[in-house]
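Number of protein chains: 2
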Amino acid sequence: MSMERESLIRALQSLVGKERVYTEGIIPAKRAIDTWPLPTVQIAVGAPEPPPPICVVRPRTTEEVSTIMSLLHRERIPVIPYGGGSNVCGGAKASTPDSVVIDLGSMNRILSLDKANLMVTVQAGLYQSQLEAWLNERGYISGHYPQSFDLAQVGGLVATRSAGQFSTKYGCIEDLVMGLEAVLPTGEVVRIKPAPRKSTGPDLRHIWLGSEGTFGVITEVTLKIFPKPAQRWLHAYAVPSMDVGLGIMQRFMQEGWRPAVARLRDAVETARSHKGVVQEGECILLLLSEGPAGYVKAESEALHQIVTEGGGRPLGPKPVEDWLEHRNDVQEFYQYTAMGVIVDTVEVAAGWDQIGAIYTEVVQRVRKEVPELVVIFAHSSHCYPQGTNLYFTFGAQPPRDPKAVERVYWSIWSRIMEITLTHGGTISHHHGVGKVRIPWIADELGSSLTLLRRLKQAMDPDGLMNPGTLLPGPDVKKPQT
Amino acid sequence: MSMERESLIRALQSLVGKERVYTEGIIPAKRAIDTWPLPTVQIAVGAPEPPPPICVVRPRTTEEVSTIMSLLHRERIPVIPYGGGSNVCGGAKASTPDSVVIDLGSMNRILSLDKANLMVTVQAGLYQSQLEAWLNERGYISGHYPQSFDLAQVGGLVATRSAGQFSTKYGCIEDLVMGLEAVLPTGEVVRIKPAPRKSTGPDLRHIWLGSEGTFGVITEVTLKIFPKPAQRWLHAYAVPSMDVGLGIMQRFMQEGWRPAVARLRDAVETARSHKGVVQEGECILLLLSEGPAGYVKAESEALHQIVTEGGGRPLGPKPVEDWLEHRNDVQEFYQYTAMGVIVDTVEVAAGWDQIGAIYTEVVQRVRKEVPELVVIFAHSSHCYPQGTNLYFTFGAQPPRDPKAVERVYWSIWSRIMEITLTHGGTISHHHGVGKVRIPWIADELGSSLTLLRRLKQAMDPDGLMNPGTLLPGPDVKKPQT
Chain F
1 MSMERESLIR ALQSLVGKER VYTEGIIPAK RAIDTWPLPT VQIAVGAPEP
51 PPPICVVRPR TTEEVSTIMS LLHRERIPVI PYGGGSNVCG GAKASTPDSV
101 VIDLGSMNRI LSLDKANLMV TVQAGLYQSQ LEAWLNERGY ISGHYPQSFD
151 LAQVGGLVAT RSAGQFSTKY GCIEDLVMGL EAVLPTGEVV RIKPAPRKST
201 GPDLRHIWLG SEGTFGVITE VTLKIFPKPA QRWLHAYAVP SMDVGLGIMQ
251 RFMQEGWRPA VARLRDAVET ARSHKGVVQE GECILLLLSE GPAGYVKAES
301 EALHQIVTEG GGRPLGPKPV EDWLEHRNDV QEFYQYTAMG VIVDTVEVAA
351 GWDQIGAIYT EVVQRVRKEV PELVVIFAHS SHCYPQGTNL YFTFGAQPPR
401 DPKAVERVYW SIWSRIMEIT LTHGGTISHH HGVGKVRIPW IADELGSSLT
451 LLRRLKQAMD PDGLMNPGTL LPGPDVKKPQ T
Chain S
1 MSMERESLIR ALQSLVGKER VYTEGIIPAK RAIDTWPLPT VQIAVGAPEP
51 PPPICVVRPR TTEEVSTIMS LLHRERIPVI PYGGGSNVCG GAKASTPDSV
101 VIDLGSMNRI LSLDKANLMV TVQAGLYQSQ LEAWLNERGY ISGHYPQSFD
151 LAQVGGLVAT RSAGQFSTKY GCIEDLVMGL EAVLPTGEVV RIKPAPRKST
201 GPDLRHIWLG SEGTFGVITE VTLKIFPKPA QRWLHAYAVP SMDVGLGIMQ
251 RFMQEGWRPA VARLRDAVET ARSHKGVVQE GECILLLLSE GPAGYVKAES
301 EALHQIVTEG GGRPLGPKPV EDWLEHRNDV QEFYQYTAMG VIVDTVEVAA
351 GWDQIGAIYT EVVQRVRKEV PELVVIFAHS SHCYPQGTNL YFTFGAQPPR
401 DPKAVERVYW SIWSRIMEIT LTHGGTISHH HGVGKVRIPW IADELGSSLT
451 LLRRLKQAMD PDGLMNPGTL LPGPDVKKPQ T
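Protein chains in written order, with our numbering: chain F, 1 to 481; chain S, 1 to 481.
Keep in mind that a hint or two might mislead.
Intra- or inter-copy, both count: the list cannot distinguish identical chains.
Straight-line distance between alpha carbons at most 16 Å, and here's what the computed EDC-like set of lysine to aspartate or glutamate pairs gives [what the hints assert, rightly or not]:
| id | residue 1 | residue 2 |
| --- | --- | --- |
| 1 | Lys115 | Asp353 |
| 2 | Lys478 | Asp322 |
| 3 | Lys228 | Glu188 |
| 4 | Lys115 | Asp329 |
| 5 | Lys30 | Glu4 |
| 6 | Lys115 | Glu255 |
| 7 | Lys403 | Glu75 |
| 8 | Lys477 | Glu418 |
| 9 | Lys228 | Glu255 |
| 10 | Lys275 | Asp322 |
Simulated from the structure, these hints should not be mistaken for lab results.
Using the sequences and the hints, build the whole thing.
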């Protein structure tokens, strides 16, 4: 840091106003971490709070982001772009307190609605739930409903390659982003214009989708929107096992159906969330089809036939309604972590021929090999003709000591990561790499790691953007467990 | 070139065998150009044939590509990756004879079929039509049918961001590529593994999709496949104008329907291709729906209703059958260009609110302002909820002189490019940039041009890969017309 701390803060204040530079109190303290459970649980059992960043800056416009970035670049200060802070992988957690957090929260305007072409353009700091509510009032939907819906901002969803609960029909975030604007570390503003489709070189949106704040700051996003669907059908089925349920989903996906929701919960998760609805040991499959009336009729009939032929027992719409109502409740999560109990989620994906084996091996081995485990269960909730994801949730009760928390934490994560890689799966479906997956990113990417490194070098040659996230440093080792 | 020509050829021969290094005759002569009409017509009216490259090398394996690339990199020799040679934009035309062409044509093996996950892995030099035939015998389809189907190789389709005639249902090439392997200029081999979906940083496949041979050589591709659809419905409709037809397509796309084919031909194209089927001045809309039986029934009923409500008059299936049978006939094209007549195609795309204006303005202005024009017509054939493409075909008869050919050629191209940009459209839907669109790429990309330049610098810092394609050099000017 070539500028003194105080003079840097004064320089930032002169750029955006004193009231938009936070140097003490709750805001810098909160922006020092995100929703990654590991540090949260460690703090709960006595680890020191991480030191706050130099300051948190809250720009209102792209021009302000640009002047901030260019000042910080000149002074070689690390920059952490910060959205809603709902990242559960440590992606927005500063790796050094000698950094400045750019908080996008004041850049939350809806800039334009393009009804003819079904697009909306927003500033990156808008909450996804606010966008959805605004669209709903006008007869549209966003089609993007991650569990972090109320907590996540649009720019963060782009930066982490988010997937929503209705992705099987509407696509994941990369299928929804039409154009965007971002600020490079030097302050240069780049805009990628929307087009229905183009062939003018590589699709430059993909530099930003999954960049996790390591290339620059996303300031504006143009997203697809959809008319409110005319019709909706919901139905739940009991299935005897995960393997049977996965086989059913594989069949309807490969035949060409695209239900908005196809969610298979294992027996443990089903028993917790749908008490008394199924028989012991059964899994539940939640289906939701929506769209034009004729489409929903055809799809629901086909799904019903495929599921019942495959061994599913109809349970009616109620379990799907229950899930819709409670799907984003995460209060329990915060209560447990505050008590020193590790509760975390790990999502991976693989082809249909491997996903069942990954599920079985993870659950069996974690249960057998991690004595501190309290519970582990999973669901599959994003389907493709080529495979699906698994979303594991686990709880573990380590001794009340930060080192023990870390040991237990990694002992579970390591197993899920290694088992997934062994079966040819991918270590993240939609949460991103952040800091938690850094130890396995080299194994994940293999020889293509050089492409990611070259991208980083091309976009941020000075290594100032969100250091320690996404890209492994030279000293990265796998946790010893 | 640091090595003498002869010793370079001997070194290449020692790497791959003498019989795989072509130094004279038809092969080097043919690999000096691709299917770009401009040089072809110029040659037809007396321009000299372009000099052949140093040699054409035909590797059989990725390892051979790697050793070739690493030799050429050491010697600083420009490299032109060459697939089927069907590019109509000059993308595979060497900008200097002091280059070596790597012809992928001998790397045409099908490596594996993954029935469980509906994927096939092939070497990049396989013809798309051969892949389709092989899949058909096994009950699958590729879903990718560009007009260059018989001429194009898989690697070239990836490198140019191809779109097929059934893209509205099956997606364009970026929706079909699951994984790939490529060789960097240094000879380093990178592999991107397939996954149903992942969130492990930026999607690295997109570095290669649209790279047009300027970053390295694509050697292997894993593609989605589809089961042969159970049902197919075809129907044609007469519509009174392009605007009415575009409005109809906008409506069914935005309501959520995805016919495999939705092809709207303007009155001139309709009169040429469907003689006697419609009344004078009418356009034809060709629709094809395929998939599971219940889906096709629902979609065809909805489409029929939307089209007839919108002013379409049913013509039965015959015009669609005729189109299916003759859709890839391009003999006429070769005959005309050999006679010194310019026949070329230009595809652009834009939002629904601008596409009709682009169509009208292009056709009116080119007819009025280019006296050498013989004919211009267009169709729209790749639909999205956000807009569609226009595919212009034009014929022009310049004086039999290479300079006059160039002047007339650019006078038409300039108008289409400028009108598209003025209306906020994109200058290429699926043919790519090549050399023909280089003068407008800076206007197309605007501030995001720096991202493309940074990518190039990251992937090919010595600028050896396919120089003169995709990226504008410092001396690029718009043609004076």
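Now for the hints, and whether the structure bears them out:
1. Lys115 - Asp353: Cα proximity of Lys115 and Asp353: across copies only (9 Å, versus 42 Å in one copy).
2. Lys478 - Asp322: neither (40 Å within a copy, 61 Å between copies)
3. Lys228 - Glu188: neither (38 Å within a copy, 49 Å between copies)
4. Lys115 - Asp329: neither (33 Å within a copy, 39 Å between copies)
5. Lys30 - Glu4: neither (23 Å within a copy, 65 Å between copies)
6. Lys115 - Glu255: Classified as between: cross-chain Cα gap 13 Å, same-chain 33 Å, threshold 16 Å.
7. Lys403 - Glu75: neither (36 Å within a copy, 54 Å between copies)
8. Lys477 - Glu418: Within one copy only: 14 Å inside, 54 Å across.
9. Lys228 - Glu255: between (26 Å within a copy, 9 Å between copies)
10. Lys275 - Asp322: within (11 Å within a copy, 59 Å between copies)
Hint violations for this structure: numbers 2, 3, 4, 5 and 7, all remaining hints satisfied.
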